[in-house]
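Q: For reference, the chains in residue letters:
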Amino acid sequence: MNTWKLDIVTGMGSIAFASFVLIYAIRFPEPRGADFGPALFPRVIASILIILGVLVLIQAWKLRTQPATECEPDPLDEEIVASFHGLRNVAVTIIVLVIYISVVGTIGFIPTTLVMLFVLMKTYGVSVLRSVLFACLITAFVYVLFAVLLRVVLP
Amino acid sequence: MKRKPTTLLMFVLSTLLVASIAVPGCAPDTADYPTKAITLVCPWGAGGGTDRVARFLADQLSNELGQPVAVINQTGGNGAVGHNAGALADPDGYTLCISTWELSILRHMGWSDIAHDNVRGVAMVNLDPAGLMVHPSDAAAHGWENAVDWIDYVKQNPGLEVSGTGTGGVWHVALLGMLAEAGVSADQVEWLPSTGAAEGITWLLGQHIDAVTCSIVEAGPQLEAGTLVALGTMSEERLAAFPDIPTMREVGLDWQLGAWRGITVPAGTPDEVVEVLHDAIHRIVMSDTWINWMEDQGFGQFYLNSADFDTFMAQDYAAGGALLEAGGLI
Amino acid sequence: MIVDVLASVMRIEVLAPWILGMLLGVFVGAMPGMTATMATAILVPITYYLSPMGGLAMILGTACVSIFAGDIPATYLRVPGTPSSGVAVLDGYQMTRQGKASMALSFDLICSPLGGLVGFILLIGGATALAAIALRFSFYEFLWVAVFGLATCVIISRGTMVKGGIAVAIGLFVSTVGVDIVTGYPRFTFGNVNLLSGVGFIPAMIGLFGIPVVLRTIMTPKRMELPSVEEKKRFSIGDVLPRVVKHRALILRSSLIGTFIGSLPGAGADIAAWVAYGVAKRNSKTPEKFGTGIEEGVIAPTSANNAGVAGAWIPALALGIPGDSITAIILGAAMIYGLRPGPLMFEGASGELVRGIFAIGIMTQIMLIPIGFLAIRAFSKIFRLPNSVIMPMILLFCILGSYALNFNMFDVGLMFAFGLLGFYMERNKIPLPPLVLAIILGPLIERNLRLGLMQTGGSLLPFFTRPISVIVIVAIILFLSWGRIYQLICRLRGVNTTQE
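Residue numbers (this note's numbering), protein chains in the order written: chain A, -5 to 149; chain B, 57 to 386; chain C, 814 to 1313.
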């Protein structure tokens, strides 16, 4: 997606979010006397955010008409080629993690973690054997470190 | 060549699976409680006073009960998160909570719906009385020797700044109660909320504020070094560690308050379970190990049995609400 | 005297728990979400069975090493292991991407102990004086320190100013969630008890930095086969030593900033690291290179955060007020053994303990080098595995890290929410560091402003007229423009010499 289109999303999002904060903060109790109440700080921030949102929109609009604007190269900017495999990876990851978080408390840490790691590695293209090996190793390592050595209660 | 790692893997995998399924397999039975590991919820952060008491007690409790007792810190919201977790757990005796004074005000302040009627007291194990601390140079300048001197000064010079904890916290209520007892309106002093006693003490050391109310123990290092002076303690009798500090009652103020700590279980926990836990804790608090440790750490020793603890919490809840209302906080 | 002190700590009953503690520190620091505070709390019951000095050595060793070890996952994977290694994800991680991970970590390994040494020397020489300065700080001065932090936000921001501003505003907003400390009113909690204490900083930071890396990697399947960390050349300590010598002024300045900020009750090593980074960037001749994997960007924060750990001891020993929760635990333990913080700390049994703490602190910095070296070696082997194995592992550690902090699945959800936010922000070139720093600074700004106004009855004047406020303002301006002033002096001298 072009930068200016994302900028429009950012600007709109900032304004919408800040407006929500402003409306929500109406409910906050008013301060007694000369004190400054709990609503002051959020209101100031939200107002600034609205101004910044408008500025981003203006900049985006300028970028649209001048698509050749030179931007400072971002070191983290890397090529993401949207491919079928890539999107499948993301979809599977999200589904697996949602399931993991919802069942880990009831089924227990060791079996859920084993299955989670195995499915993810398999999806990412690791061979079955290596997936099982690494899933076991990582789970065992984490269990020993957290639960046995540090006596941290796992989910 | 290829078979060997596979066999090994299958062995590791199956062992882990069997082990993990076997652990939660046993069903809880109140007759031979406890049969599995117990969790002790601590609503305050690792390393704090409550956490230290919780960890030492957990250690002793697991010796008594023969099952591991693990402390987990569920902090936040002035104790609301941990107290919620403790009160809403399954009432089977496998989740305990080290409740603190804040249980009495969570509902009043609107931080949580949980209060004393959501839990059953097992035993109260500790009470740290509050004190009124001032800077020695202020005390010398205004001739403050006890709490009444200070309150008289407040009557003539309203607007002194006091700190010790956040708004509505235990040491704030300690101040409100003392002022109410002396017949002084709460708005005669200004409460500057801090993140805790340590921060309030720093401000007082730098003379940015005029007094601090917090537990005598928390100000112990400064009191011993003479960099702060205690005008009074809100305890029934003088403290063994600080025999020079007068009590409020000695100067005519009938006011006592301390931060208490005790073990609670969710309401609806069977009587037999509470009894087992109470008996174990009773043996612990009567032991020399416990008494010496508490003394070394400077914690006030105070024990109440299950029934007394329940009554105590109910009274504290009512008293806390009244003071917060009088102070204009709710 | 020094020999006596050394003899008292170089005994097997001290050394054994000490080294064990340091090894534990490596794991605690490298594991996101496992904080040194938690490890220290777990260790305290064990220390009851040790000699006083052995117990102190074990806890101090764990605490010092874990601050360094936090840089390891931050550099390799962009997942900070401790809150104070959040800055290491900037230039450290960029170096990793350029195949220079061992170089970044070698810098960390040398500069961390150097910063710690400076901090401990200041602690030994000037604890009382520095503590007296810290005491003079009231709400007004703390507000200025926070404003200094905000200035740092602007300095470290890359890209357009407007987008940096959006990041700061979001961060400040996030910091307002939870019970308002001044009135006790719960803000933006939507009735959820988990939000009463606000948004957890560690889950937010792990999510913001860690999750976008995972998402980007798994979206490009061709990168899944590659090792997660590739190194063109293995750098060792010998290779980077000359560079460290070259940057000695930077290390000293960052350590001084770290010690001082660490000594302020309420500020800590995390803020110290960010501020040191900001000051280094501001005074650099090539500020545009910061954030692309530059040495200075690694050296400044790592010197400052270790110095900050030592700085936290200043108010603890001089006033009996712990600067952070780790110091609180150690102070509590040490007082049972007879430590008397305050003017009498060097007398009798207390003096022995204080000198022991000093000796252990300094020796730990020196012993950090071999232990850290082994740790880096071990971790570099793990991260040579392909991304397809490492990515599930990072996800697991992100989950565990945010869960183990508070034993709360809510924090895990929060971590993922911030992860998605971080991913979106980076796609749209909104910088993440200002957001993270703003979350830390938000409460500092709001509380001190409101408390200051409460104390003055609404007047802003003391923020500018108190003598100590003025000193702080001048110091901030000097720090921010030191590079320019230095150039100016040089130019003036240059002009003078030519005239003569």
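Keep in mind that a hint or two might mislead.
Chain C side only, calculated, beta carbon under 10 Å to chain A, not exhaustive [stated by the list, open to error]:
id, residue
1, Phe840
2, Ile979
3, Ala982
4, Phe986
5, Gly997
6, Gly1226
7, Asn1241
8, Leu1266
9, Met1267
10, Ile1290
11, Ser1294
12, Arg1297
13, Ile1298
These aren't lab readings, by the way, just hints derived from the structure by calculation. All residues carry an ideal CB built from backbone N, CA and C; glycine is no exception.
Q: Would you mind marking each hint as holding or not holding in the structure?
A: Hint-by-hint comparison with the structure:
no. : hint    : in the structure
1   : Phe840  : 6 Å, holds
2   : Ile979  : 5 Å, holds
3   : Ala982  : 4 Å, holds
4   : Phe986  : 5 Å, holds
5   : Gly997  : 9 Å, holds
6   : Gly1226 : 7 Å, holds
7   : Asn1241 : 4 Å, holds
8   : Leu1266 : 6 Å, holds
9   : Met1267 : 6 Å, holds
10  : Ile1290 : 24 Å, violated
11  : Ser1294 : 23 Å, violated
12  : Arg1297 : 22 Å, violated
13  : Ile1298 : 27 Å, violated
Hints 10, 11, 12, 13 from the earlier list are contradicted by this structure; the remaining hints agree with it.
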